[in-house]
Amino acid sequence: MSTLPSSDHLLTGSTSRGADAAFKWLAFAGAVVVVGLIVLVGGELYAGARLAIAKFGPGFLVHSKWDPVTDEFGALPFIFGTLVSSVIALLIAVPLGVAAALFLTELAPFWMRQPVVTVIEMLAAVPSVIFGLWGIFVLVPWLRDHLFVWLKHSLGFLPLFQGPIYGVSMLAGGIIVAIMILPIITSVSREILRSVPNLQREAAYGLGATRWEVIRIAVLSYASRGIFGAAILGLGRALGETMAVTMVIGNRPEISASLFAPGYTLASVIANEFAEATSDLYLNSLFELGLVLLALTILVNVIAQAMLKTVLGGASGKVQ
Amino acid sequence: MNRVGSMAPSPFLPSAGRQRWRRYKSAAVTGLLCACALAVMAPLFLVIYYLVAEGASSLDWNFFTQVPKPTGEVGGGMANAIAGTLTLLAMAACIGVPLGILGGIYLAEYGSQRANEWVRFGADVLNGVPSIVWGMVIYLLLVVPFKTFSAYAGGAALGLMMVPLVMRTTEEVLILVPQSYREAALALGIARWKVIVKIVLKTALKGIVTGVLIALARVAGETAPLLFTALGNNFWNHNLKEPIAALPLQIFAYAISPYDDWHRQAWAGALVLLALILAINLSVRFLSRGRKSG
Amino acid sequence: MKKSLLSLAAVLGFTLTASAQMLINGAGATFPQPIYTKWFDEYTKVDPSVRFNYQGIGSGGGQKQILAETVDFGASDGPMSDENIAKASRTLWHIPTVAGAVVVTYNLTGDPKLKLDGPTLAGIFLGTITKWNDPAIAGQNPDVKLPDQDIVVVHRSDGSGTSYIFTDYLSSVSPEWKAKVGKNTAVSWPAGIGGKGNAGVAGQVKQSPGSIGYVELAYAHQNKLAFADMKNSSGNYITPTVDAVVQALATANVPDDFRFSMVNPPGAQAYPIAGATWLLVYAQQKDPAKGQKLVQFLKWAFTDGEKLAPDLDYAPLPDALRQRALDRVNSIKY
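Residue numbers (numbering that gives the first Met the number 0), protein chains in the order written: chain A, 0 to 319; chain B, 0 to 293; chain C, 0 to 333.
Treat the hints as calculated values from the structure; they're not laboratory data. Heads up, some of the hints might be wrong.
Claimed, not checked - 16 angstroms max Cα-Cα, derived EDC-like pairs, lysine to aspartate or glutamate: (1) C:K298 / C:E41; (2) C:K179 / A:D66; (3) C:K86 / A:D279; (4) C:K223 / B:D260; (5) C:K130 / C:D147.
Bear in mind that the values here come from a model prediction, so they are computed numbers and not experimental data.
Turn these sequences into a full structure, and let the hints guide you.
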């Protein structure tokens, strides 16, 4: 009669109610820990930044001088660097990533899809420090000796491409972050594109549209909000990149119009200067930078998740 | 492609020239999409190529058994860094796995719709916290009060980073366990917690293990959180309360140094690290073969 | 494959078992890192029961971590300010170990030997002199064909005693530098890109054609970087060598707390950009066993260790100063 193996050993008496309650509370604790950790992280950063917040107030965010000698600190160069390198990364990664996603959903024959997806997932697994290593010895010299020279030669009338070429630069930082956020933009875009009902495509084909027109009219316009969400998700990831950026961006807190100039991001300055900030105000200022970074990242991620949820619905946004 | 054009031309249809232009545009875009797909795949191959070209020749017996030599001298290896990374991963698992699985169990078995939304939201937010921030926070919590950099602090930072990942993957696989299993077991009078632990978890075990492995592969390469927690150690670590070396830390220190010998070792270390991470990822694929479509 | 797997397993087993070996942790300056790590390596032969783990996180880091007591000793090339010493929970001593030259290194094709003086150097790092063939540089180097190339300035991105010594020198030779930037372990650099540690700056200079930076002499030698002869206060262009640093050290006035500066000293053959480096230790060690081992090591360093200094391009302390340091070590309590 019993198709299951003997389960006598699992039967218990009324003591199970206590154990049940205990286990439920254990599981609940595990879940609560997650929320608790966010509060902890935010709280510790705030506590560490108190002095600087009190001394500088909101002006900290727009002050551009970072001078440990005179204990004068401002976050603007780092906010600028973080945003500029991230925007450069998005400008490169979003078109490439969406195009690759389109390739996978609209063009690629079935047998080609899994290998390509595997390659992209492997790219996502490469740690930041290895990208940084490759960046220092392969990418930056190539940029310095080839790409940047060509850019200066052909587009040098733009203030973006003027000034001395060091190799390490804001543009190098943007390029390497672009490579690192390609996988997440590609895979989320792919999910978005897959959620476009086939009926849309079939209707467009039925009306005599070419493949590109089907993509443009039926697929992309339908998926535009989702792709925007994917881009914002990529932005969230870009904001927090530390090691690879530190190794190729030049580490100089300066606001410059040129993409060839060195820059500095919130994450990089913390990585470089945290262990050594000797004065209390210096250390507090670094914590305040961490707080700004945390706030920025959380805000961007929340917006991205919200946008993706309305498009994909349900348990969207598989934790990447 | 436009078969309509082969019938009697209608004044409402586009001219033959215009149709040709549309077709060329489509073909051009097709080519562009292929090129972009190749461009997206290229960086992986470029990185692997250079890692192998620059680092493979340095993977000798010395590299895997010796500790670093004094600054500037040639030779030595990364044995302590490799062992350190494995140790840190083991410690991270001790924190990340129980917390993550328990959280996943809550989400799949106990939580209400609304509570789950908040918990999942929290997990996503936590997952987005930059790794350098984790380093700062653990420095304040575990390094300063105990007045020592330690493997514990490094393991804690990595472990906490794992929690959201493990939690979400656990939830996903637990949901896949058929409800009938639970109902049958409960109907037989088995205690609920035993149903979850001995039946549901056991059924989903392979999926949970793959989730843990994915999370481990993710934190294995993290450098930033270790900068102010594990610190680094030029020797073997004998006590988890002491600083410990780790592959990513060593690669970073060597990469930004001026010594050619250290650069050579940095490439080799990076090759070992990437091989470790890809090996974990491939074994995940092997384990979940047939379970989900790509 | 099997062999390495087996040894990896053995290695893991070995690391996880407790061992009678003691680990003493220090952190701080990258300036003396070559000689400190050499000392620690040699000392394992003298006393195998203790290991010294040293991480080069920068002088600022050394000061901060010894104040937080997360390490057993700190190392710094810039003496701690009065304000910072006041933060220590108990008496914290500076003990000078060696002195070294901060050299001006550059990356120019052909590795020419350049001569520079203080005001020119200050101009380059202020960003007022931007090209290699600027008359100020060319005037001092008539035999060198200088290119019409941008000067890429490289400085430290982390808190650094090497920066302290360098900015101390620039402040003493350039009133503009003193007013605009000042001297500290970390300053607001008017120009250039940042590298992490002595290692990072040397690495950056090596990678960037036309660049100029400042590093400790040992790093420049080990990496075969070109470095400049600097004009000292007597008007002579001096090549940075151990002897030139010894000359500079000879005229230094060292107060009781051992915090002193030796930039731009009077001696005719003295190299102008030099500085001592200090270990930061508490007068009262909190762990008796570790304290004892640390004191024993320090005694060895000031007797036998100092002899290794010249081979690594550091100047050992003159005898009188060395004896004073040894006396201070002997009065550390554990």
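Status of each hint after checking the structure:
1. C:K298 / C:E41: holds, 14 angstroms
2. C:K179 / A:D66: With Cα atoms ~11 angstroms apart, K179 (chain C) and D66 (chain A) stay inside 16 angstroms; holds.
3. C:K86 / A:D279: holds, 10 angstroms
4. C:K223 / B:D260: Given pair K223 (chain C), D260 (chain B) holds - Cα atoms ~13 angstroms apart, limit 16 angstroms.
5. C:K130 / C:D147: This hinted pair holds, its Cα atoms lying about 6 angstroms apart.
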